[in-house]
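Number of protein chains: 2
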Amino acid sequence: MSDHPTGVEKYEARARNANSLVCVGLDTSLERVPERFKAMEYPQFEFNKWIVEETHAHVAAYKPNIAFYEARGEAGYKELKLTLDHLRERHPDIFLICDAKRGEIGSTMAAYAESLFDHFGFDAVTVNPYLGGEPLAPFLERKDKISIILARTSNPGAGEFQDLVAGGKPLWQIVAEHVKTWNKNGNCMIVAGATYPEEMRSLRELMGGMTFLVPGVGAQGGPVRDAVTAGLNSQKLGLIINSSRGIIWSEDPGTETRKLQTEINSYR
Amino acid sequence: MSDHPTGVEKYEARARNANSLVCVGLDTSLERVPERFKAMEYPQFEFNKWIVEETHAHVAAYKPNIAFYEARGEAGYKELKLTLDHLRERHPDIFLICDAKRGEIGSTMAAYAESLFDHFGFDAVTVNPYLGGEPLAPFLERKDKISIILARTSNPGAGEFQDLVAGGKPLWQIVAEHVKTWNKNGNCMIVAGATYPEEMRSLRELMGGMTFLVPGVGAQGGPVRDAVTAGLNSQKLGLIINSSRGIIWSEDPGTETRKLQTEINSYR
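Which chain is which? The protein sequence lines are X and A, in order. Residue 257, in this note's numbering, is where the first sequence stops; the numbers in between run on with no holes. Residue 257, in this note's numbering, is where the second sequence stops; the numbers in between run on with no holes.
Just to be clear, a hint being listed does not mean it is correct.
To be verified - With a straight-line Cα cutoff of 30 Å, these simulated DSS-like cross-link-like pairs (lysine-lysine) come out:
#1 A:132 / X:70
#2 X:38 / A:27
#3 A:67 / A:158
#4 X:70 / A:38
#5 A:27 / A:67
#6 A:158 / X:158
#7 A:38 / X:67
#8 A:67 / X:27
#9 A:158 / X:67
#10 A:38 / A:70
No wet-lab data here; the hints were simulated from the structure.
Construct the entire structure; sequences and hints are all you get.
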C-alpha cells in the first residue's frame, strides 16, 4: 500500500502544493505535432514529455483526451501508455484524468475500468450519464478512483438535450442531483463547462464542495474570471480548469500555463 | 471507387443475400477466451477468426465492442485491427459496426471518425447524443458511413434519464425526433434495445423505415419475438439484431447463430 493520497485528496494536495487549479489537456493530435517530434520513434510521447517538462511546475492535473491516441490505433495507444508511465514515475503527485466520456452497459464499463484505471493508471475518467447510474457501478465502486460525470458540457450545442426541462428542472441539473446520490464513496466529480458560467453558479450551489472539471477556457473561449468566481468552493478549490489547444499548440506552453495559473489565482 | 454498396444499402444487401438480420457481437474479453486460443500470439484475433468461420453464413453484421480490446491497451488495439482486416478481406459484404458509444466535442469527434472509419474501416459507429447534434458533424458528413445514435439503450437502468418527460415526451423519443433532422445524408440509425419492445414499437411508428440496432437479446434476456414484430419496417428489414455473449461463449456459436437467425425469420 502506498501512503500517497488518492482520489479527490490527491487532486487537492497537488493543487495546494503547486498553488494551481490548472489542468493541461494533452490533446496531442499527430498532425499538429511540430516537425522536430515527427521524426522521432514516438512523436506523441516525445511531444507530451516536452509539454510536461515545460508546464509541470504550474499544473495540478494533466488530461489526455484518448481520442487523439485512438486515432492512430495501436501505435497511439502505446504512446499514451508511455506518457502515463512517464508521468506516474516523474510526477507521482500530479492528478491524471482520462477524457474518454465513456457510457456503456455494466459488463462493458467493467472492461473500461480495467483499461483506464488499471492498464493506464489514470486517477479519474470522464463518463457519460445517458445510460443512467446503474451501469456505472464498476466505476463508482472504485473508491480510490474518480468518476467525472458529464453534467453541462462546454460545446456550443450542449443545450440541445441538456437544457430540456423535466419536472421544472433542466436535464443538466437533474443529472447533477443524481450524481449526489451516486457519490457514496466520495469519488464523483462533474463536468461543468466554462462556457456556461450561469449553470456553473447553479451547480456550485447545488453540489456543495464537490470538485468540477471545467473544460472550455482557452481555444473554446470560455471566460476564466466568470468560471472561477462562479465555481470555487468554500476552500477556494473545487475546480480543475482545463486548457488544451490554447496551451499545447502555443509558441511557449510553459508561459501560457503560468499565465493561466496566475489569472485563475487572481480571482481566488 | 468501389462499386460495392455502402451505408444502409450495404446492410440491406447483405441482410437479403444471407436472409439474416443477425449481428454477432465480438465482445471478446481475453479472460473468457478458451484456453486453446490463449496460447496463441493473437488470442482475441484468433478467437474472432474462429467465431467468424463458424457464424458468417448466418449473419448480416459483426459488432465488436471496442472496450474489450481497449482493456488490453495497444495489444488489444492491434488484435481489433487484425480482426477488421480479416473481415474486410474475406467477407467484404458483411456490415461492420463498432460499438463505441462515442460522444465528444466536435474537434474530438473528428479524431474518432478518423480512427474508427478510416484506420479500422468500420461501416458504422454507435454514438451518444448527450452533447447534442452539433459535435456529431464530423460523423454525419461522412455520407458513406453510418452513425448509430443511442435512443433507448438495453440496460436495466436505461430509463433513469431516458424516460424523463420534457414537453410531454420522453427523452428517448425527443432524441429520436432530433435524429430524423440529423439524417440529411440518409446515414443515421438509432439504438433501440430489445428489452423495451413498447418503446421499439413507438420508435418504428416515429422513424419511418430507418434501421435500428437492437442490442439486448440473448444474455441480456430481451424477447426476440416482441422485438421483431414491433421493430420490422415495411420491407421486413430495418433491424440489426445483436447477440454477443449468448453466441460467442456458447458451446457451438454456429448453431446458436443459426437458431437466432431462424427464430427471427419465423416472425418476419
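Hints and how they fare:
1. Straight-line distance between C-alpha atoms of residue 132 of chain A and residue 70 of chain X comes to about 34 Å, which puts the hinted pair past the 30 Å bound.
2. As the CA atoms of residue 38 of chain X and residue 27 of chain A are separated by approximately 35 Å, the hinted pair breaks the 30 Å bound.
3. Proposed proximity of residue 67 of chain A and residue 158 of chain A is contradicted: the alpha carbons are some 43 Å apart, above 30 Å.
4. With a C-alpha separation of about 28 Å, the suggested pair residue 70 of chain X and residue 38 of chain A falls inside the 30 Å cut-off, and the hint holds.
5. As the CA atoms of residue 27 of chain A and residue 67 of chain A are separated by approximately 16 Å, the hinted pair is consistent with the 30 Å bound.
6. At roughly 15 Å between alpha-carbon atoms, residue 158 of chain A and residue 158 of chain X fall within 30 Å of each other, so this suggested pair holds.
7. Restraint check: the Cα-Cα separation between residue 38 of chain A and residue 67 of chain X comes to about 24 Å, which is no more than 30 Å; the hinted pair holds.
8. Taking the CA atoms of residue 67 of chain A and residue 27 of chain X, the gap is about 22 Å. The hint holds against a cut of 30 Å.
9. At roughly 45 Å between alpha-carbon atoms, residue 158 of chain A and residue 67 of chain X are farther apart than 30 Å, so this suggested pair is violated.
10. Taking the CA atoms of residue 38 of chain A and residue 70 of chain A, the gap is about 12 Å. The hint holds against a cut of 30 Å.
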